[in-house]
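Chain A is fixed; fit chain B onto it per the hints.
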Amino acid sequence: MKYFKMMLLGIAASAAVVAAQAQVRLNGAGATFPYVIYSKWFDLYSKQTGVQFNYQSIGSGGGIKQTIEGTVDFGATDGPMSNDQLKEVKAKQGTEVLHIPTVMGAVVATYNLVETGTDLRLTPDVVAEIFLGQITKWNDAKIAAANPTKHLPNKTIIVVHRSDGSGTTSIFTDYLSKVSRTWEANVGRGTSVGWPVGLGGKGNEGVAGMVKQSEGSIGYVELAYAVKNNLPFAALKNKAGEFVGASFESVTAAAAGTIKSMPEDLRVSITDADGKYSYPISGFTWLLVYKNMKDKSKEAEVVKFLGWAMHDGQSYAKDLYYAPLPKEVIKMCEKKIDSIGK
Amino acid sequence: MTSTTQTNYGDTIFRNLTRAFAFLILLLIVFMVYEMYRTSASSIEKFGWSFLTRSVWDPVQEEYGALPFIYGTLVSSAVALVIAVPLSVGVAIFLSELAPAWLERPVSFFVELLAGIPSIVYGVWGFFVMVPWMRTTVEPLLSDHLGFIPLFRGAPYGVGMLSAGVILSIMILPIIASISRDVLKAVPRVQKEAALALGGTRWEATRIGLSYARSGIMGATILGLGRVLGETMAVTMVIGNRPAISASLFDPAYTMASVLANEFTEATTDMYLSALVEIALVLFVITIIVNSFARLLVWSVTRKNQAGRV
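Chain order of the listed sequences is A and B. So the first sequence is residues 1 to 342, counted in our numbering. So the second sequence is residues 1 to 310, counted in our numbering.
With the rest of the complex left out, here is chain A:
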């Protein structure tokens, strides 16, 4: 009898939830990297407008998959969808999917060298050769050449990479593929790759933890994570030949540096970007929205929200350790957003 009552209570409660759902509720799924700013945005936006969001940060791969299957109202990803995937979604959902960049992030090479201290400088070749296992000692001539004033110990380099599939790995390996032919031919780019050397840590915290624990190690983590946890990270030589440290300004500069070559569909990698002040391992994160949704009231709300994200939303980026979009990119996004439903 008790259970029966509990069941009745449960049914009553879910009925109440259904009643509350009468207002618009947008379901999304995807990338974990922008989760912090997205949840801030969704919270603020729903307080202002009453639109409810339900965002599952299941990873970019899952976000793309659910967008293709049409089980969500929008997806989110750190790496753009492939041409095949775009074709698939068009066939299954009968509408195109648009990529709308929202904020930017960067990946930094964090290291643990007590004697050397901060401000290590690395060139693209050196980063690639370390992660290929070709440079194995910290006092290698190639590292020394970029750091003439630094003391570099005769220690074995311990490489640490992400073990879980992630957008961070995707940006990092995209960069390595651009700067090293050997890398592109033997390893390639992706959310998970076959690493030639190294230990795998789960998540940013796993990589950072292993680097912190082992002297002589080097790994890569998101800029936001490194800044929040005060990790030392290397300045990298960019395409213009300057050594640039990662900062929100240098990431925004990287996006600005690629404006001219920005494709119409905004699916673009901005690693190894042009420009004197550009940090070379930067990337966009995108929302995936349908060009035509079956539910027009939802479509209108998605358009309104995207407009808000491009303006009011951008001001929250820096406080949450994301780089805001440059003005030129926002203009391009607005054009895309305007085309929704038309």
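In short, the hints are calculated from the structure, not lab data. Be aware that one or more of the hints could be misleading.
What the hints assert, rightly or not - Okay, the calculated bits of chain A under chain B, using three or more residues with CB under 8 Å as the criterion:
(1) 62 to 69
(2) 156 to 164
(3) 187 to 193
(4) 204 to 214
Predicted model, so just to flag it, every value in this text is computed and none were measured. Here a beta-carbon is modelled for each residue, glycine too, at the ideal position from N, C-alpha and C.
Chain B alone, transformed into the frame defined by chain A:
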């Protein structure tokens, strides 16, 4: 049952209902296997049996093989059992035979408490406390004194197969220890008393108890084995996640459960997903094989025991 002339509807309903529950379990397993087989079809078709013998795992080139993961799962489980079984049987003997009552209760309580700790807590502890200790103390010590065995050679990274085995052994110790203690306590008092009365020492009496409890202890070990084969989070944090087969226990390795946890969310292509599901299928089959083998062992030991007693 047939002797009752009256039909008891309650009994019939009850029997059919419980039978339905039992079949539901079977149905669930069949459905799971079918579903895994269906989802991994493209990987099975492309790689065939060689999936089990290939060592390459390259999501970019779409080349997959499960051997390093199978190796990692089996070896880390073996290391865990080698450490945990003697330890837990020792704990069980002390608690059931030797410990005074005032000590037995609190120690038993803490052993059982260990079993209730979530695996992620073991993982975090392993990562921040055990791994540095392994790197700075245990592994250098082992390679200094036992370095002539290939198992204990190589650079001490801290993370690796040995750390995974140790953390797993800590996780299964409470299961094996507490069941073994209960089994030892269930040995008839007269057996031990008879041994003592015949002038046997405490050790000899305990041995008689142990031979009675052997199948129970093995059953406890199987339960522990079941947990180590599928353990995911704690292992992922300390094993180093490198799909490679290496003679040294210090080197990083990878298990089937870990690769699933790590790569499933970002598996974007169909072949990638298919290969991961095939790993799940392989893990499922290996779990069944290992468990049946262990059960066979228990069965043969029990039979021998009974034959000896007659």
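A quick look at each hint next to the structure:
Residue count for the segment 62 to 69 of chain A with a Cβ under 8 Å from a Cβ of chain B: 3. That meets the three needed, and the coverage hint holds. Coverage of a stretch by a chain is defined here by at least three residues with a beta carbon nearer than 8 Å to that chain's beta carbons; for the segment 156 to 164 of chain A and chain B the count is 4, and the condition holds. Counting residues of the segment 187 to 193 of chain A whose CB falls under 8 Å from any CB of chain B gives 7; the rule of at least 3 is met. For a cut-off of 8 Å, the count of residues in the segment 204 to 214 of chain A with a CB near a CB of chain B stands at 5, and the three-residue condition holds.
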